[in-house]
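Based on these hints, arrange chain B on the given structure of chain A.
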Amino acid sequence: MYSFRYVTRAGLAAAAMIVAFAATSRAQTPVGYVGESTCVTCHDNQQYKGTAHALTSNARTPASTHGCESCHGPGQAHVDGGGDKTKIATFKTMTPQQASERCTSCHNRGSHALWSGSQHDNRNVGCITCHNVHAPAGAKMLKAKTEADTCATCHKNIVNKQYRMNHMPVREGALSCSSCHNVHGTQNVRLLKTGTTVDEACTSCHAEKRGPYLWEHAPVANACVTCHDPHGSNNDRMLVAKQPYLCQRCHVTSRHPPTVYDGFVLQNSTNANKIYGRSCVVCHQQIHGSNAPSGKAFLR
Amino acid sequence: MRTRLIAITGVLLLASAAGARAQEAAAQQPPPVQQPAAPNAAEQTWLGLIDLGFRGSSTSGDAARFERYRDLQSGAASQINFNRDTPQFNVNASAFDIGLTDQRYRATFVGHGIRVKGGFDSTPLNYGYGTQTPWIEASPNVFTLDTAERALVQAKTAVGVPQTVADLSKVSIYRTISPTFDLSQLRQTGNIALAFDVNPGSSVDFGYQSTRKTGTQPWGASFAFNVANELPMRLDNWTHDANAGYEFSGDKGMFRAGWAASFFDNNVKDLVWDNAYRLTDTTPFDASGYSNGNGPAQGRMSMAPSNSLESVNAMALYKFPAHTSLNGALTYTQMNQDQALIPWTINPVIANATVYKTFPELASLPRPTAQAKVDAVNALLNLTSRPARNVSFSVRYRYNDHVNKTPTFDAREYVRFDAVPEETGGETEQFNITENTVDASMTVQVAPYTSLKIGYGYDGFDRTGRAFSNMADNAFRASIDTVGNQYVTVRGMYEHVIRKGSGFSEDAIEEGGAQGGLRFYDEADRTRDRGTLLFVVNPSDVFDVTFSVASGRDTYNGPGHEFGLLDNDNTSYNVGLSLYPKGIVSVGANYGRDHYNSNQASRNANPAGSDYGSWTDPNRTWTLNNTENVNNFNLFVDVPKAFGNKTNVRLSYDYSDSDNGYLFGGPRIQELSQNVALTPGDTKPCAAGLTSCFQQLPNVTNKWQRLTAEFSYYFQKQVGVAIGYWFEKFEVTDWATVDIPGQAGTARIDYLGEISTGYGNRPYQGNTAFVRLLYRF
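Chains as they are written, first to last, in my numbering: chain A, 1 to 300; chain B, 1001 to 1777.
The shape of chain A in the complex, shown without the other chains:
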């Protein structure tokens, strides 16, 4: 049995340890800085004005600390070397992990806290794979114009699913990839932003399907994606296969569930109502779970 009290205590103990560590740390005395005004003497096209990095009212931003050198490191040697590129940190020559380490020295909380060890970090994808601080094309300093374009760089086959007959309102602009995913790392599977399971992520919007119900449907209790493809599908309700054949993948019982629902039945039998329209769920409407005492087969 999980005790709320013990979990809370454990969390607070961890907090105390980390606070103690962090509070005793000291920033290293920086040396070799030349200041931003020197940098822009040559790099006048590498600005970051108008971005969150330029806010002087935030003590953690480059503008409030060391300007360009907040990310690129002290520039004195670079200047003294007549612009020697080997004497300053250049993101172009870093590995994705090295670059990300620089970014996460500040971006280490909020939605970025679990970056290290996340799926993208583990696949040699770094911050600069998707973001460009100096010349972004899209919001959130993305290199591409849109989130979908960014994700499509690697996940084109997934992004293409928004064009299928049944889809979330992504191509209409009401949702985007980040509505469900936090690409910077999460405690859920598949980089899902909310909750700790697939179901919790889906029901954060579809709360009417959250339950818990009196009568539960086993695959629903496990994961919505057993039956649905949330990225888009040519089957109704974004199902991974068309009804009734999706249901028949599991319901191999007697009588009506394993009937051959073919063109003949569709045209000649009252059993056609198990093929066309809502198919199985015209009767088993409460397929996500029923709260009716007589809801055993999800009929009520």
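If you're looking for bench data, these hints aren't it; they were derived computationally from the structure. Possibly wrong hints are sitting among the right ones.
Dumping the calculated BS3-like pairs for lysine-lysine here, alpha-carbon to alpha-carbon at most 27 Å [said to hold, decoys possible]:
id, chain 1, residue 1, chain 2, residue 2
1, B, K1500, B, K1582
2, A, K85, A, K49
3, B, K1684, B, K1703
4, B, K1373, A, K193
5, B, K1717, B, K1582
6, A, K193, B, K1117
7, B, K1703, B, K1646
8, B, K1703, A, K143
9, B, K1269, A, K209
10, A, K193, A, K209
11, A, K49, B, K1646
12, A, K193, B, K1646
13, A, K49, A, K145
14, B, K1582, A, K140
15, B, K1646, B, K1582
16, A, K140, B, K1117
17, B, K1641, A, K143
18, A, K92, B, K1453
19, A, K49, B, K1717
20, A, K92, A, K140
21, B, K1582, A, K49
22, A, K143, A, K92
Facing chain A, according to a computed beta carbon distance under 10 Å, are these residues of chain B, among others [claimed, not checked]:
id, residue
23, R1070
24, S1074
25, F1120
26, T1123
27, D1241
28, A1260
29, Q1337
30, V1374
31, W1615
32, V1732
Note that CB positions come from ideal geometry on N, CA and C, so glycine has one too.
Below, chain B alone, put in the same frame as chain A:
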């Protein structure tokens, strides 16, 4: 306890503040931090765009699908954006489609240690504008049918719910009293999020979101195998989400503690509807009423119950030397649902003392409310280390425990379809799931820009209520990534996963009435092979070519696996081209093709012992092969700031099609096709007079195209005009959508065994044109 928590939290806050002050002191050492730049005129000025105009739309066919999640009605169109960036703060506010059902508003403020973000979104979901129903909503979610028509149907002097092919030649009496209506719902969300920096190292954050769903959605409400219905179910619910957290970060790491909650409140507790097959309750009840339609005059079902979810969570990151870090998260979640339960049935023929003598458990409910509860714990740990530039390690462990604590509900006596009391119900079953996941990998830089990663993953499940009490995926992965090279990027991955179950109980399957050879595909033994390859070539700064392929195959190959999903595979190709010379124009094109294939098996049989032995007859087995091919094509041409920064031109074209085939096979199909019984003792499968009673289904196909063209011209520095045109065309053939014969695109709501709303997949063609006045500043 609460006092102690508050005290500990207070101490932590103070400690973090002290730590942050120490850092501030360190940061004050030379060299000096950047001095705030003197604000120039541009920084003090609002930037923005006011885009107002007129939109005209014309649609043929299924206009609701054209407007699926948006509002394209003719009338005013608007898009407004304000932006102001200064060294002290950034402000942005925007509005889109003001006053329409897809209106959106956003505002953000960042600065002075405060981040505020708020918005309001409205998103329609339009199912159909020409849907029909004979039911009238007398009160919220109480649907009545005209008694005169029902009396005629019960007397079998009129066709109500068509039962035979002969009935289809007539018009159902209900079709004649079914007006058209808009079947649509609206989701409206308002939210605000606030984060405040207590000091440079720590912050507190709060968020609140309210979501309201209203309108109607198609919903099944049936009485028997031959009396299925679809109604426009009323939606009226709210979801309130809230969260709060405290974060601290320093040079060595970070810590976060948070709380989140979600409360769903449904104002529609149940659905009551009249039977389209009967006016009066069958008295006494007919034990076959669930199949022949001799049931009640009215039905009742429970709607989505109001519920809540609350969680507390902690997250931490600590950085060790040698590029090593450990992060983790711990979350404890409680879900509750205690909605009042509806009675066993609304049917007075069953809910009475006479029936209770035979079914005593139906006299009362075991408990008045659901008392449903789930406790869940999730823990995550990530350890990564890059001790050398060329080598890194990563280990990830995740634990997730979902414990359903809902007390068992005894429903061995229950009422099926409000029509028949039975003793075949059983008890409720709660599904507990414990998942342990470990991923470990090592990455080695094997060549310049190129790293090779090998990894092992374990994903183990312990579950209750399933055929396999345990199952585990063992995954072996290898990937190679060439990144950072100016000319070429290559990413490849291969994964081999073996899933094995243990603790299998064939009894658990057979108790549910299923074939012993059935294996559920979400737990069955499986071998999975997947691979992806991404290849990007950048010959120059203005040109790149991308090729990607992803392929996978799942084979369900465990011992005794005879029925259910047997295998599925998929392959996806994409090739793209981008061209963006000198920032003047950008052109992009992509072609993609996806292929899916699956095989499943089933057996068309009666229960064991009820006939000659069809339950075990291999000649009753049938298979289904499902194949889908999808093509995608996208093209865009973007010419921004042409002709002296006065003109913007953007063209795009998107295309997608699908061809979905269903091919039945196996001995049962031979029996049905030829009307023969392959096994002695079996009877011929077709009705008298038929030589065949099988027909393959035609493919389900669709094709969707969208063309958009937008042209804007600034005739003054700040003032311009824009015109735009959208064209969208959707073609579809789907045997699951039934139209009136000879009237393609017009729904038939009275087809075999059902009165529906007529919602389905139908073609449309839409044209939308804009004329807009632009004012930028």
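Next on the checklist: Tell me the numbers of any earlier hints that the structure contravenes, in ascending order.
Outcome noted: 1, 3, 7, 8, 12, 24 and 25
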